[in-house]
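With chain Y held as given, fit chain C onto it using these hints.
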Amino acid sequence: MEKRTLLSMRNISKQYPGVLALDRVSLDIYEGETHALVGENGAGKSTFIKVLAGAIRPDEGEIELDGQTYSHITPALARHLGIEVIYQEFNLMPTLSVAENVFMGNYPKRYGIIDHREMERRTDEIFQSMGVRIDPRAAVSGLSMAYMQLVEIAKALAKKVRILIMDEPTAPLTAGEVEVLFQLMDKLHRQGVTIIYISHRLNEIFRVTERLTVIRDGCKIGTFRTGEMTREQLICQMVGRELNETFPRNTARTEEVALKVEDLSGNGVEDISFELHRGEILGFGGLVGAGRTEIMRVLSGVDARTGGRAWLEGKELSMKSPRISIREGIALIPEDRKRQGVVLSLPILENVILPNLKLVTKYSVINRRKEGALVSEQMKALRIAAPSMRQLAGNLSGGNQQKVVLAKWLLSRSRVLIFDEPTRGIDVGAKQEIYKLMCALCEQGASIIMISSEMEELLGMSDRIVVLCEGRQEGILKREDFSQEAVLALASGNQ
Amino acid sequence: MRKMKIDVKKYVSWIILVVLVLFFSAFSPRFRQISNAITILRQVSINGILAVGLVYVLVSGGIDLSLGPMLGFTGTLAAMLMVENGIPIFAACLIGIFAATLFGLFNGLSITATNMPPLISTLGMSYVIKAAAYLIHGGMPVYSLPKEMQTLGQGYVGPIPIPVIIFVVIALIGAFVLKRTSYGRGVFAIGSNQEASRLSGLNVKRIQVAVYTVAGFLAGLGGIIMMSRLNAGQPGTGADTSMDIIIGCVLGGVSASGGEGSIVGMVGGVLVMGVLSNGMTILGLNEYYQLLMKGAVLVISVGFDYYARTRKAEKTVRIVRSEGKKEKE
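Taken in sequence, the protein lines are chains Y and C.
Residues in the first sequence are numbered from 509 upward in steps of one, following the working numbering.
Residues in the second sequence are numbered from 39 upward in steps of one, following the working numbering.
Same shape as in the complex, but just chain Y (with noise of 0.2 Å):
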């Protein structure tokens, strides 16, 4: 079956201080395929769709589309051409009505005047057509990120969308909006749309894609069809060694309470109570906005607390604002790693000593020896890969950025860490090693909550389960009656 190239990119590169993100990489794009490009965190996968949606000018190459050659892409051209990019980081303006940004740039027009009433009858055909309920004239500051994410996707298809580049579009969705974003998937792809989609997820890639290119340290290591290639295989490809996806077992539980937490209420999540064992990785599942995240932000003391009480090994915490928690043993190692849990602009030295400044000062004078000493001893316990310790954390790598959040803690000597989605956009060579790093930090006596949405890790990675639905605390599984089957009836709230 012979199908039109509709898209050409030639020797494609990209340098970056220090990198070379894309080393000449060529692909071709057939008209109206689902097309996954899949790579580690790092690859060039990002910078890749940047060239084609013309948010950067590569140094070298060219694209051809529709029989023209272009040196590069501007945004306006890639507008014009009817290339449409959901990026991970969502590109809504938070204080405008989701019809306003369903129609940005292109509002529909009477005598000149921007025609309120006709661009939310619009967007409310669009999200008919995508079989979802949101109000056009709600403000997109007030969705959540999986309601966020489809107003995205509905902005590409209120224009004239020909090639759609989806960039990690399920990473913040659950189970059921995943499977609607598919049949939306499917439904562009029988429209004709051509899809160019990157996800770490490979169950999603062997679902819904044709054909896929791998990339890796910014080279193309080649475009397979999907369907002739097993998981094996491609994660051989995408890592260029064998790895195991397997989980690392936690093995150093004791039946030692090291953290408990009674009736503890606030952020709209209510009498929470659990026991957290020395060593222990304890998992937190439910859906999306079950109030996992809001439960642990009270606990860390990020946000206010309307009830109860917890101790860690012995002592009430107070919960009053994150500087107390920290002092107190618990460290929070947030979803939103960019904006919450490294400062993007300051070297990865300055991240990593800014909760701990205490141990290098001396009357509040920082003794740069002490600090450079105990960084670079962190930089290559986690083995962070950076030429220097000056690096700006904002240059890095999903994995290496979350284990310089991750340096922050154990240079502090956190009790009790709680990781909230400790993998996500994390690809899947780092994941391991983040793994094995959660189990270390066990074994030296600390102990983990962890937030998770990816079923596998939560089941792979936790010795005990907390469910959560709609903010309250549903039940928690041992690991012998571990299931996806069970999580999902408690986070359902099916019990």
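Calculated from the structure, these hints are not laboratory results.
All figures in this text were calculated on a predicted structure; none of them were measured in a lab.
Among the hints, a few may not be true.
Said to hold, decoys possible - What the simulated footprint calls covered on chain C by chain Y, stretch by stretch (three residues with Cβ under 8 Å from a Cβ of chain Y suffice, anywhere in the stretch; the number is not a length):
no., segment
1, 216-222
2, 225-231
3, 291-297
Every residue gets a Cβ at the ideal spot worked out from N, C-alpha and C, and that includes glycine.
Then chain C, alone, in the frame of chain Y:
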């Protein structure tokens, strides 16, 4: 990589300074004299002292428009206390500085307590303080200060004016605290990413309050020196100062959006402003041309800086074929 980038930003103001000095020296023998250099230093020292505080405010992600009027207020208050109320000189000066510090503290507290934008809150305060300066003495300046009061603003140690020495000491302390202490690290961190800083256990509000308070304190100190130099408590002093020092900081590579900046750069920026005024006065150009030049230097230098940064990224792109040009529709 990072070192390179920082250095360029830090020294842009110094490069402009060298160019300006060479330019004025070429055209005016009077400008070249050592005594003139000292005059320039004395002229910029008070603004410089205020700008040290402003660097902290800007790096922390804030802004303070109320520092200029504090000059007039502090000077008038202290002068009034010593001339009319018979309070000892030293005590009167301390009370003046203390009052300015309180204004700074109020700025910090009101911003952190209400989360209102510092631009608005300090704009409002600049009017309040300006009004207060006039009201406390019925709008009249305070003259005939005690003789001993003149030393601070008009005295010399060897050939160096005392205000210059104070400026240098404060700039050195300011640079050290900003770069080498945990407090300085905190100022940079909250200016770059407030939420991540808070989650890292920094007391964001305390750092913010401290930043405005220190700026107020330094404005008070500047006000006393200014009073001593003018030999009077002038309530209207410092009308343009707020803007002048913001320009000085920005010229010196201090980012108006926070997280970036240095005292070294700011000193260069403030000196550029001083050299411009002085050089143009010597060349006989009137005040209006000076205003024009100050504005132009700001827009051109900062504009060039931003342009160069964008340009660098694009320089390597070539149009492959002629069809490629069609994109510019």
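Against the structure, the hints:
By the rule of at least three residues with a Cβ nearer than 8 Å to a Cβ of chain Y, the coverage given for the segment 216-222 of chain C holds, with 4 such residues. Beta-carbon proximity to chain Y at under 8 Å applies to 4 residues in the segment 225-231 of chain C; the threshold of 3 is reached and the given coverage holds. Three residues within the 8 Å Cβ limit are the bar, and the segment 291-297 of chain C against chain Y gives 1, so the coverage statement is violated.
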